[in-house]
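Undergrad: So the chains spell out like this:
There are 4 protein chains.
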Amino acid sequence: MTVRAAVAGASGYAGGEVLRLLLQHPGVEIGALTAGSNAGQRLGALQPHLLPLADRVLAATTAEVLAGHDVVFLALPHGQSAAVAEQLGDGVLVVDMGADFRLADAADWERFYGSPHAGTWPYGLPELPGARAGLAGARRVAVPGCYPTAVSLALAPAYAARLAEPEAVVVAASGTSGAGKAAKPHLLGSEVMGSMSPYGVGGLHRHTPEMIQNLSAAAGERVTVSFTPTLAPMPRGILATSSARARPGVDAESLREVYEKAYADEPFVHLLPEGQWPATGAVHGSNTAQLQVAYDEAAGRIVVISAIDNLTKGTAGGAVQSMNLALGLPETSGLPATGIAP
Amino acid sequence: MTVRAAVAGASGYAGGEVLRLLLQHPGVEIGALTAGSNAGQRLGALQPHLLPLADRVLAATTAEVLAGHDVVFLALPHGQSAAVAEQLGDGVLVVDMGADFRLADAADWERFYGSPHAGTWPYGLPELPGARAGLAGARRVAVPGCYPTAVSLALAPAYAARLAEPEAVVVAASGTSGAGKAAKPHLLGSEVMGSMSPYGVGGLHRHTPEMIQNLSAAAGERVTVSFTPTLAPMPRGILATSSARARPGVDAESLREVYEKAYADEPFVHLLPEGQWPATGAVHGSNTAQLQVAYDEAAGRIVVISAIDNLTKGTAGGAVQSMNLALGLPETSGLPATGIAP
Amino acid sequence: MTVRAAVAGASGYAGGEVLRLLLQHPGVEIGALTAGSNAGQRLGALQPHLLPLADRVLAATTAEVLAGHDVVFLALPHGQSAAVAEQLGDGVLVVDMGADFRLADAADWERFYGSPHAGTWPYGLPELPGARAGLAGARRVAVPGCYPTAVSLALAPAYAARLAEPEAVVVAASGTSGAGKAAKPHLLGSEVMGSMSPYGVGGLHRHTPEMIQNLSAAAGERVTVSFTPTLAPMPRGILATSSARARPGVDAESLREVYEKAYADEPFVHLLPEGQWPATGAVHGSNTAQLQVAYDEAAGRIVVISAIDNLTKGTAGGAVQSMNLALGLPETSGLPATGIAP
Amino acid sequence: MTVRAAVAGASGYAGGEVLRLLLQHPGVEIGALTAGSNAGQRLGALQPHLLPLADRVLAATTAEVLAGHDVVFLALPHGQSAAVAEQLGDGVLVVDMGADFRLADAADWERFYGSPHAGTWPYGLPELPGARAGLAGARRVAVPGCYPTAVSLALAPAYAARLAEPEAVVVAASGTSGAGKAAKPHLLGSEVMGSMSPYGVGGLHRHTPEMIQNLSAAAGERVTVSFTPTLAPMPRGILATSSARARPGVDAESLREVYEKAYADEPFVHLLPEGQWPATGAVHGSNTAQLQVAYDEAAGRIVVISAIDNLTKGTAGGAVQSMNLALGLPETSGLPATGIAP
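Residue numbers (our numbering), protein chains in the order written: chain A, 66 to 407; chain B, 66 to 407; chain C, 66 to 407; chain D, 66 to 407.
Same shape as in the complex, but just chain A:
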């Protein structure tokens, strides 16, 4: 059986990455490709790295064009997914790489996104407790945000094992592709090369409630998250430093054991051997999350470092992994565990 896939928003970074992965997926045939303002253009002019699709012409994003596929990936601006999904009907698997259906709490959504809440779909981070089961056979999937992917993988085991106090502090560095392909002055190469800067400081970033949702679920109690995202001079990758006060009795061994157990069978989450630390360069283009844990005795804190490729595991890889689970394909199909380095 070959799955026929359409991609809405094929000219952007998330759309391009999902196409890169689908091109190497043995069970997928690429169908309609659509775009907003880039409709009518050759894909080769916009995504020159996707050589096998260079001569495809982008259609306008409409339900008509997207209908008739087994799966539709949505890489649309926030707020546009609901209308498209509704028109596609329940027979089609819709995988939304946008934020619209990630949050369970309508008030959170409205506070951070400023528009009415569209609903909540099964959450596409299968490595979270219980999530894999919720994806099997799903017809709708909300792919997690890139930062929440890195941070939830980092801290969920500690919270699930009750090792950490419910006040997490997270500082993460992201490559510039996380900010998208729309041309803005502060994202110019001249501005970002050689410079690091923060944004959304003080709890303002939209991914904060999503982290809180995931970590609170793991902890079984409300967890607060102080989250500071920073922009790093690299095109891809997220390096997250996540920490929390250790509960009494935690030590380095027990901490490591919890993480070894949590991810022993996960194909895409790799706890590094002791003494080796994650690097975004080691997961460039791969669906792997690298993790390492430390117990800082003097400060009394658990520190977890996680590295992912924001466009692969953090977006399009998570989307394809979720599709595989939803359609009953092998979970790892089309998903590289190997990165490109140097």
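In case anyone wonders, no lab produced these hints; they're calculated from the structure.
All the pointers check out, no bait thrown in.
Pairwise CB distance ranges (calculated): (1) Gly195(D) / Gln106(C): 36 to 44 Å; (2) Arg204(A) / Pro250(B): 55 to 63 Å; (3) Ala171(C) / Gly144(A): 48 to 56 Å; (4) Lys326(C) / Ser180(D): 54 to 62 Å; (5) Thr127(A) / Ser319(D): 49 to 57 Å; (6) Glu175(D) / Asp120(B): 33 to 41 Å.
Simulated coverage check for chain B against chain A, where a stretch passes if three residues somewhere in it have a Cβ under 8 Å from a Cβ of chain A: (7) 84-98; (8) 103-114; (9) 342-353; (10) 398-407.
Note that CB positions come from ideal geometry on N, CA and C, so glycine has one too.
Position chains B, C and D against the provided structure of chain A, taking the given hints into account.
TA: Relative to chain A, chains B, C and D alone:
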């Protein structure tokens, strides 16, 4: 049938890249991995991006360890390949990613490399006229240098069609991985980021005689090459600007036609549509060479731009492509035509 | 005496750089700062590195605001300088960092810029033969383009000494600031980091006629230039490789002698010792041009490498150096010969 | 009066930067330049950006060579400063850019550096409460570490005003020059470009006790610091995110007021206007520290972002500023408040 492959020099950049490609090759099983000073280490500590091989331990490079494979890839310092190859015997395909067997002229070899000439093996650039036939069934392959790959693909069609005077001028920018993984002060990140610099100016670079050899063969006459390599602040990629005076009668249309015809059936050489220019970022991690041609009427010159990934098409991809041809496998097996961007 | 300076276009890269230099100029007081669409904003929001001027508010660019200064620096889009200069009158020194008054040939101007020729002003590259005299006491100065600065310094001595055939081949890499601060998708950090690409190939770049003009003047005959500019993943710097066939009798010694003599007394052009090569990283933020020459005997070509900071010696440094000469100030005032590295 | 300065360790990054600043200092004449393994070389071959000193030849580092200057800057490996300082006598100002004399607690020193404690010198961070007075007339100065500079400036005001709980969490990104100029594989351009990675996680970094010392002094109680340093793909700059739980009664206004007051008169610490965030690119080459504060109400934390140039304010700028204070020169002499951007 599964081909069993060994890699000598698995801890360096060329060795790591050939492993990355072999991991996705449907007909290859990865056997022995060897190294020089890194023997005894886990591959995961040296090539953390090659997750499926992380627990492999590197053996010392000896003929005993390398024996018993169908193909052995050599990523060794110059001058060491001959001894290893000799011990392996004729039953094994040996693909040398070093320079030892590239040059036909012993005097050229000695002038540029300062050691006795080891010999000449079939040349692993199948897109050159006649080269593909020479690779079928070969037991030894000399993989071209990265710069000669970019430059020969750029100018061979013009010379083969007698469009250009036999004095080529080439300026190329390379990513730092071309300089290898040995730690040298001028290759520190602090030194290379934000800076471009030349080296080997004035005909001193060792790839110069290899370019001359290839272009002269295409032209049917001796071609001189003024070659200036530069180091660019990026890990991978070569962008080569190759030009030569046009012969009388050349115009933009006839020039383009020659290139369209030369590469019409090549899976890994892509002449871009008019108006679009190569970028190394578009071939990152792919085995594709992007080309574009221009005729500068005012200056009377043919200008060809080529972009490759120095480690893929320029080294390890060329090696795997050659292996495929030598062993009668599909030429494109294991070789991505798709890059990773951004 | 303190010179009062105004800067029109203070929110862009050229305007910002001229302000950086003027801030350290002992004889200059900074007066009006103007902008186009950024008028009304604090400079600190747009140029946060210029801390001493952070609280200045940008005025709209009008002759009224710019009047009453001793010198006005224009960093305006092409075609806007003439009107402003006219209104300022002859009592004010006007230093134009745009292209409007660089070319002597009206037909060249119209072919490359597509608008009527505004005229020709004294050319602000004092290191060219005769240029310094033309700047003394000037009331109008046309600052050279960044590429022509790098290339003219590289080849003018060879042409003036009749060492080279009149067909130059130039390939240059520029940092992204050369493309300005307007947000365009291909200049996003995500696109430029890790990638090199050419543009304006085949004689199309607007700086080509300016190079031809300068080199032809030095040679005393018409010189053709095949020019290929490339965009490099760095914010600043130009590395130019300029070459030409050597005339009979040239050798390495005579070549070097000519360059030693040409620049012996120049404060801002530095011929490196033999064996050392220019790097843009070594002139970051400095007004120095680094040069090195080679004679490639096998190819019969003179190869000259030059490195400048495109915003300093290539734009704003050249502007301040010209102002110094025009106003009779010490030529080196306010101009760093020292770069920032690493 | 002109101060005569010697620099020991002139071939490294800290030594080069102190020379860059001294070259623009109106009251300093540069005397002896020494090095370890680079003794005997031209400075121009090692620090090509320091054009005015290019022909200086490095002497071996001995007390004889360094004697007879008014000030000696030491940029030596840890553990070597005490012996040199002793031989120089009390008549000379010795400014140590190494770690040897920063820590007051001998046990801390021994735990983190593994060698006997050499002593404690006046601490060269004049912006800390009381520090400026301690530097006036000093004959010995210990220049702070780069990370402690960024973090102490960020959190000292909050602790001095009793706004924060004594458990700080700090994650900082540093440019690669912080790791020095010795060639190590993990610092190669190929490895660091496009990648972020942590090191010294879990309280292991040697700058941790220095931060604790400074913040505890400000707080009047023992402060713990969970510190995670990361390596960013840029040559210079530190961006530190420092946070702590807010004490009851803190709000955004009171927080801002404390910082405004703390740094109102500081020439080199700049609290940005509300809504603007620090960027390392804005302080490239400058002695300025940019700060911004936020109160994250939901998480109950004070978050302070600081950006410095690790080589300027973080090392050599701090050294020159301290020299100015010790010798009674204007504090800002030779120190740029302006950065180079983009």
